[in-house]
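K.L.:
Since chain F is already given, all that's left is putting chain R on it; use the hints.
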Amino acid sequence: MAKFLLLAFRNIFRNRRRTLMTLFMVGGGVAGLLLAGGYFAFMTHGLREDTINSGLGHMQIFTAEHFNRDENRVLDTGIENWRQVAASVKTGSHVRGIAPRIDFYGMVSNGTKAAGFMGSAVDPEAEQSLGFITYIESGRNLDPKPSGEVEALIGKGLAKSMNVGIGDGLTVLAMTSDGALNGVDVQIVGIINSGAAERDARYLRITLPAAQRLLQSDRVTNLVVGLDSTENTDRAYAEMMPRLNGLSQQLVLKKWIDLATYYNQVNSMFNGIFLFMGIIVFFMVLMSSVNTLLMSMFERTREIGTMLAMGTPRAWIIALFMVEATMLGLAGAAVGLVAGNLLGALLNSSGLHMPPPPGYTQPMPFKVRYVPLEMVASSLLVIVSLAFASILPAVRASRLRIAEALAHV
Amino acid sequence: MEEIVNVEAVSRRFPLDNSSAHHPAHSFVSALTHASLRVTAGEFLAIAGPSGSGKTTLLNLIGCIDQPTTGRILVDGVDTSQLKPGSMSKLRREKIGFVFQTFNLIPVFTAAENVEYPLLIQGVSSRERRERVAEALESVGLSARAQQRPDLLSGGERQRVAVARAIVHRPALVLADEPTANLDTHNATQLIDLMHGLNRSLGLTFIFSTHDARLLDHTERIIRLTDGEVVSDSSIEGGSRG
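So the protein sequences, as listed, match chains F and R.
Going by my numbering, the first sequence opens with residue 1, and the numbers climb by one from there.
Going by my numbering, the second sequence opens with residue 1001, and the numbers climb by one from there.
One chain only, chain R, in its complex shape:
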């Protein structure tokens, strides 16, 4: 299978604001330490762990919105550590779809316009945009709500619009950071099922983070993080068991 993501011994340290020159060892905090993982096309993968375990940091690094302190990450075969900001931006635009914890829809745009946005910045023609937006909204079951602004949608509907926005440009990879954190259990389960369904039907690769253990039952592969370290990978454990 084609490899979509390859994380090789990646660490990420953040400087502390009140760092002291006399104590350089305490001048940063380590969010991720020597993390490695490989993701192949079409996987549906969960990154699990408690708050502060480094899930968001790992997703940010894979999503090219942050740079590792050490190590390297390849996305669809491209070494992101070698890329200039403009190329990183292009990579995100073309290869990655994002779903955020707080939905992050543009409030002055309708649901359809929000879904259209990734196509707009790629310069897709208006006719093609219309068709693909309709398809994406159809796939998340929100065709009837296309002309509503986000403030008139429920939390579950907003997150489904965000999923439609993440898949509309047919990215190689969809990253979802705690997509169910602001949803009730029913909506959360529905969303995970929706993403899983899209993963199967469209062959899209999904990586999502969660700290909700109940959602992990719906997931084929789980990577667990604790204190910035990968402590388990169900695919490896499964492989070793088999």
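In isolation and in its complexed conformation, chain F is listed as follows:
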């Protein structure tokens, strides 16, 4: 067996130039996949953490009715004893903190113009303790206990459309739980630029007590749970679920992945592109290797005839070609892994940026992540592709007529 493998190994280096070309091609395919996959992984990982840290948190608690709520009276389906629920959940392992929220909708007016908004009422201290990013472009964050007027942060687009800036006042109108229209005057203390233009065109943020006064309810729409690490989400979820049973309201616990619609769309798109690239590389390696291996088989016709004449089983000839191709695939994968990782390191230290994607205003850093699974998958892909490519030459070699093969010039 060892001698057989040795024969296959040495055969790889018979035509060094051709082997080198194959290694470049296979290695290039692997390196390309690693760079593309690494970039996608960097993007999705960044998007994942951005999504979580921009306020989504690792998990959120809602009432079961929340998902059928009336958007004008959001607190009708809100959590009643949310302090009790938060206290119960906060003691769970991996839990870093709880942030109560009210997500609500209404109108803002500057006296001459009105616009719809998508509001978020928060506890600034809780948000800060969980490390949630507010993306304040100018001004400051909300004061947790303001002494004077109600403070507000508004999106850059909304500020522009309402023609207001820091220090200006706005009237916020929303519907109370009773169905009455209520209003509160707010003072703008900061402008938010989250990078998502569509969101910033409608966004408004005030403190939780201010929103509860406006909506005339002490409920919240949801509790955002922050964990020590995103990787612990499943574990914390399993532990937290029993704690939500037996309460007066039926509560629902959602993981970040269930709420991050945009992240899931982007992730699916990247997975699709990566799969498509993988298929292209597979067929590229397959088609060019079939030709290379057929040439190799043709050149060795007399040698194969000799081996068959000496009584070598035809299955051995097939195995020899397939092992040679697999070894070539392994060597190509190794070349690709080294090249891909080196290029990745070079790229990561280059400080290059990509233009902002549609709907975003910030350029994206051009970096790649090292994903072991992608390295294994890319390597396996080219190895399998080469093994596939060797089937035709191997079968043709094994079916050679010995007398004709021996007479081959």
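FYI, nobody ran anything at the bench for these hints, they're computed from the structure.
Predicted model only: the values in this text are computed from it and were never measured.
Using N, Cα and C, we set each Cβ at its ideal position, and we do this for glycine too.
Treat the hints with care, since some could be wrong.
[Claimed, not checked] List time: in silico DSSO-like cross-link candidates among lysine-lysine, alpha-carbon distance up to 27 Å: (1) Lys255/F - Lys90/F; (2) Lys113/F - Lys160/F; (3) Lys1095/R - Lys1084/R; (4) Lys1095/R - Lys3/F; (5) Lys90/F - Lys145/F; (6) Lys3/F - Lys1090/R.
[Unchecked claim] Pulled from the structure, derived: some chain R residues nowhere near chain F, Cβ distances all over 10 Å: (7) Arg1013; (8) Ser1036; (9) Glu1131; (10) Ser1139; (11) Gly1141; (12) Ser1154.
[As the list claims (entries may be wrong)] Short, incomplete list of chain F residues facing chain R, as computed with Cβ under 7 Å: (13) Lys3; (14) Ala309; (15) Met310; (16) Gly311.
P.N.:
This is chain R only, laid out in the frame that chain F set:
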């Protein structure tokens, strides 16, 4: 004496690529016609004849790497016409050693590894392989060149490695197709003497083909072929003379 090869009225025809359905009589070429011969164990036999006389075809048929169109061949008592490809392969592996005109060594193997190859495909243990390879190389006087690759060996040395490869598994029969065709006269004579010596010392049966009349002086039995027909067999002629 034990019969190793029995060729009974064997013919071999090859189809022509440009054969015409309208002229079936011209759609094939006859390489061998009604050839018969018997070879007993320990013989040293030459098949002589000009190019195209059917020497290689006859050796290919005896060596089970081709099938006769008509007739039958028995090798070591086995009717090869009844064998399936796998059994033919096994027969070649175990009973026959081959020496080719162009040496046909595996270029990426050393001399020792080339000699080892027939034992490798028979599944002989590595320890036994080592011993038998050393013996075979010793018997052809190439122990010192065991670790050289074929491209570093002279033509004569390569062919001696090929002889060692052909005898290492102790076959019942060694077939050599024009083994001296690519050698100069000196090396050719040396090779025939080497094969003859192995024939005597190990009792191996050798059948080789040649068109070089000078080498036939070293041979006990000569079968002459012309246009695919056996035209003379020195053993029969010798028998009739005696």
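K.L.:
Compare the structure with each hint and give your call.
P.N.:
Tested hints:
no.: 1; hint: Lys255/F - Lys90/F; verdict: holds, 16 Å
no.: 2; hint: Lys113/F - Lys160/F; verdict: holds, 12 Å
no.: 3; hint: Lys1095/R - Lys1084/R; verdict: holds, 16 Å
no.: 4; hint: Lys1095/R - Lys3/F; verdict: holds, 23 Å
no.: 5; hint: Lys90/F - Lys145/F; verdict: holds, 23 Å
no.: 6; hint: Lys3/F - Lys1090/R; verdict: holds, 20 Å
no.: 7; hint: Arg1013; verdict: holds, 14 Å
no.: 8; hint: Ser1036; verdict: holds, 21 Å
no.: 9; hint: Glu1131; verdict: holds, 16 Å
no.: 10; hint: Ser1139; verdict: holds, 19 Å
no.: 11; hint: Gly1141; verdict: holds, 22 Å
no.: 12; hint: Ser1154; verdict: holds, 20 Å
no.: 13; hint: Lys3; verdict: holds, 5 Å
no.: 14; hint: Ala309; verdict: holds, 5 Å
no.: 15; hint: Met310; verdict: holds, 6 Å
no.: 16; hint: Gly311; verdict: holds, 3 Å
Consistency note: the structure conflicts with none of the earlier hints.
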